[in-house]
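Using the sequences provided together with the hints, build the complete structure.
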Amino acid sequence: MKCYAEIHQYPLEIIRDDQWSNECPQKDFMFKRHCIASKVIQTYDWILFADADIGVINPSKHIEDYIDE
Numbered sequence: 007m008k009c010y011a012e013i014h015q016y017p018l019e020i021i022r023d024d025q026w027s028n029e030c031p032q033k034d035f036m037f038k039r040h041c042i043a044s045k046v047i048q049t050y051d052w053i054l055f056a057d058a059d060i061g062v063i064n065p066s067k068h069i070e071d072y073i074d075e
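Each residue of the sequence shown is one higher than the one before, counting from 7 in this note's numbering.
By construction, these hints were calculated from the structure, which means they are not laboratory data.
You can trust all of the hints, since none of them are fake.
Below 25 Å or equal to it, Euclidean Cα-Cα: the simulated SDA-like pairs (lysine to any residue) are:
| # | residue 1 | residue 2 |
| --- | --- | --- |
| 1 | Lys-38 | Trp-52 |
| 2 | Lys-33 | Ala-56 |
| 3 | Lys-8 | Gln-48 |
| 4 | Lys-33 | Ile-21 |
Since this is a predicted model, take the numbers as computed values, not measurements.
Listed below in structure tokens is the structure:
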């Protein structure tokens, strides 16, 4: 993911749930991630939330190709 972000000049933020414990008190990360996303999206026009089991298959594709305007 880091290489993909660098190639396409995307900002990359790796977020750990313990960094957000004060703002997002949910115990289960599956719920906490929605709270975190709602905070992070305020900084960007859009975000891509990828879990650890996600990989880039075709690095020549841009994320924008999949975003509806």
